[in-house]
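Chains as they are written, first to last, in the working numbering: chain X, 11 to 283; chain S, 359 to 942.
Among these hints, one or two may not hold up.
As the list claims (entries may be wrong) - Label-pair distances were calculated between CB atoms; the ranges are: (1) X:SER99 <-> S:GLU812: 31 to 37 Å; (2) S:LYS759 <-> X:GLY145: 30 to 36 Å; (3) X:ILE210 <-> S:SER840: 57 to 63 Å; (4) S:ASP813 <-> X:GLY145: 51 to 57 Å; (5) X:ARG121 <-> S:LYS759: 25 to 31 Å; (6) X:GLY113 <-> S:LEU770: 44 to 50 Å; (7) S:SER412 <-> X:ILE210: 48 to 54 Å; (8) X:GLU280 <-> S:ARG497: 56 to 62 Å; (9) X:SER99 <-> S:PRO460: 52 to 58 Å; (10) X:TRP263 <-> S:HIS508: 35 to 41 Å; (11) X:GLU280 <-> S:GLU593: 42 to 48 Å; (12) S:PRO785 <-> X:LEU95: 24 to 30 Å; (13) X:ARG146 <-> S:PRO460: 49 to 55 Å.
What the hints contain is simulated information worked out from the structure, not anything from laboratory work. By construction, the Cβ of each residue, glycine as well, lies at the ideal position given by its N, Cα and C atoms.
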Amino acid sequence: MKKSGTGKWNKYLTAGLLMTGLALLLGIVGIFWTPYSTTAMSAAEKFDAPSLLHIFGTDNFGRDIFSRVMEGMGTTVVISTLVVLFSGSAGILLGALTGYFGGVLDEIVMRVTDAVNGFPSILLTLVIISILSSGRQNVILSLGIVFVPSYVRIVRSEFIRLRDADYIRRARLMGVGRMRILFVHILPNIFSVFWVSVMIGFNNAILAESGMSYLGIGVQPPDASLGKMLSDAQGYLRTAPWYALAPGLSIVWVVLGFALFSEGIRRRNERVS
Amino acid sequence: MIRIEDLSVAFEDTEAVKHVSLELIDGEVLGVVGESGSGKSVTALTLMGLVADSAQITSGRVLFDDVVLREAGKPCDKALYRKYQGARMSMVFQEPMTSLNPTQRVGKQVEEMLRLHTDLRGEEMKRKVLEAFRSVGLREVEKVYSCYPHQLSGGMRQRVMIAMAVILHPRLIVADEPTTALDVTIQNQIIGLLREINQKQNNAMLFITHDLNLARRLCNRIAVMKDGEVVELGETEDIFQNPGEAYTKRLIEAVPSRMKRRRNIAAVRGMGEPAGSGLAGKLPTGRESEAEAGAGQERCAELERCTGQERCAELERCTGQERCAELERCTGQDGRNPILQVRNLSVYYRDGNNSLFSRREKQCVVSGADFELYSGESLGLVGESGCGKTSLSKAILGINKEVEGEITHTTLRPQMIFQDPYSSLNPSKTIGWLLMEPLRARAALDKAYAMTREDMEAAAYDMLHKVGMEDKYFHRKPSQLSGGQRQRVSIGQALITRPGMIVADEPVSALDVTIQAQIMELMQKLQQEMHLSYLFISHDINVVYQMCDRIMVMKEGRIIECGETEAIFHNPREKYTKLLLGNS
């Protein structure tokens, strides 16, 4: 995987894999186990600087920041994955139908997605959250809805491009059923394009989730979340800079890793084709 | 004099051109002929200094008079080249749409040449451009001057390109497949124009083409290239009369031509029958129909022999539905029954975009088509681009629903072979999957055709062999195949359900001549084996001549002439048909 067909080393892919791999590992382990309890407070260990005992230091309640970053990473990864799954599959379904068939359905769906695109996404999630009240599922749902239009557009344009390809015409001549043409004949051919947009979407989801937590409309305490930690740390920037640095750099790390990973995938696809 | 001495060009580790030496004197037209990948374009681009920077000159040099333009081991001297490009050497490209800037008026684009290389300005410049336009045979030059490329036809665009190339009277003109993208009649005009310019201006011309016939009509000398090497170089007629190399011989033989005798298709077809019947039994489906067809053909011959009373007796003797069907098939014209009947067919095209509110204009692209296709025959459909050939075929296949008139065919699902082998196979599937998909689709539509996976695989392997490919390709993807191989798979995919009727839309136009010949042979072989009817669409009248029993000529949406191939070729009735024939 790291070595591409032409024998050239794909550095983007390697770096991306390493960075996201580490982040995902920490996050997934963080869901089940952390070095310290993420909620246990200890007045004696308030604002300990990073040390071998607490490698990212401790916060204003004496909680181990590394453990909380691990848990926050887990939360973020799970939420982002579900958001991408939700919006991606909705995007494929709507994009495939509108792109292939066109017509009235296409007009309606496209005008609705235009309308959704018209709002700033954070405002829209705010509205949805205020209607549904906050909580894990509602964060996923609201972000999912906000991200659907971008996938619909990409999938739709690919389906429009391919619906008149010779091999699709031929499939129609053979009498292949419509749904089979959509999802067996066309869909695999758009994956290289779709995959890149999923990667970018995943990054956007991480950032959006952190942003919502930062604003206090994301996951609620006592669940740890990178965004929430950032906003908590704001008040202690001078006294305990590591408190803000740890979650901040974690976000940068995972987003950068993913960006490199998707760039690596793109380059690999390009070289193959 | 322009000299290429021992030139080798390499891209990374592949050598595209190997030790090529060519010489061009003033007033001479040198043809460089070869199939795709033979290095002819790279040679020309290197000569012009337009080859990509990643190309390395590994040996030899390019000389213009006595000036060294390019030498092995030295980087391209762009400043030096700029003095030569345009003024002393110019190029005509293949695709006139992409070699003109779509956002600029063509007059301005031609003026650019004058602005860069002469002191002419303003009105003088325009006068010179109009003069050049007139000299390349453009009419209404003032209007052309202020047109954008998309407002001109392909032929006119190519004329503009040529005007741009010759306006400064360069010593050398490199024409890289200048007529490939054009219709035959236009092609002929452009060739005539190039010859005229060559005689008038006495410049040297390097004419690159894959079409030997074209090279023969224009060039004084011909260089045949293969795998980056010049394998043969000589006077045009010498090469055609006494090809020295086996490759040249093959190339000349592969070119479809009316000079060569056509196979007697009817005779061959009769002999083909046992083969067809022999196949029966190997496959679980299609067996009956195949055997029936074989028997039918024999019976037909028998029936033809019978006359009057005898035939009546024969008719009386027949009982049961099967026999009747057989007889029905045998009566009718030439003892063959039409597998497809088209009566007074008009095809329309809906203009406008796919929007909710825009009203769509209806445009008639084919009107009053009236013909039939008989079982086991090849019917050629000839015409220039835009004459409605493809619209007609789409209507027959049922892709285009905007039709008036009657189409009746006896086959269940006629299939199609497409022109471009690179876009007609789904790139994400394996060859085996592609060959089995028609069987799956048929099974999904009609339970009677349901097959087990093993049977389907067996049928796919069998088809793979039939189209002349080995087992190992079964698990490959289309991207791992060459153009000819893809076209073979494409044919296999169309035939695996034994549709009886195939619409072939320019099936060999995108292929090299030698591959073209192979595919045509394959199609004829399969026609005998499987008793197929082809509706064969092509702009190349020579290809049609070799493939078809009857020919229809189409012009502006109408079928203007229809008849036996030999009859049409020897006594064309319509002026337009004569024009088409005369031009190739």
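Verification of the hints:
no.	hint	in the structure
1	X:SER99 <-> S:GLU812: 31 to 37 Å	holds, 35 Å
2	S:LYS759 <-> X:GLY145: 30 to 36 Å	violated, 52 Å
3	X:ILE210 <-> S:SER840: 57 to 63 Å	violated, 36 Å
4	S:ASP813 <-> X:GLY145: 51 to 57 Å	holds, 55 Å
5	X:ARG121 <-> S:LYS759: 25 to 31 Å	holds, 28 Å
6	X:GLY113 <-> S:LEU770: 44 to 50 Å	violated, 29 Å
7	S:SER412 <-> X:ILE210: 48 to 54 Å	violated, 30 Å
8	X:GLU280 <-> S:ARG497: 56 to 62 Å	violated, 46 Å
9	X:SER99 <-> S:PRO460: 52 to 58 Å	violated, 40 Å
10	X:TRP263 <-> S:HIS508: 35 to 41 Å	violated, 51 Å
11	X:GLU280 <-> S:GLU593: 42 to 48 Å	holds, 47 Å
12	S:PRO785 <-> X:LEU95: 24 to 30 Å	holds, 26 Å
13	X:ARG146 <-> S:PRO460: 49 to 55 Å	holds, 53 Å
Of the hints listed earlier, those the structure fails to meet are numbers 2, 3, 6, 7, 8, 9 and 10, in rising order.
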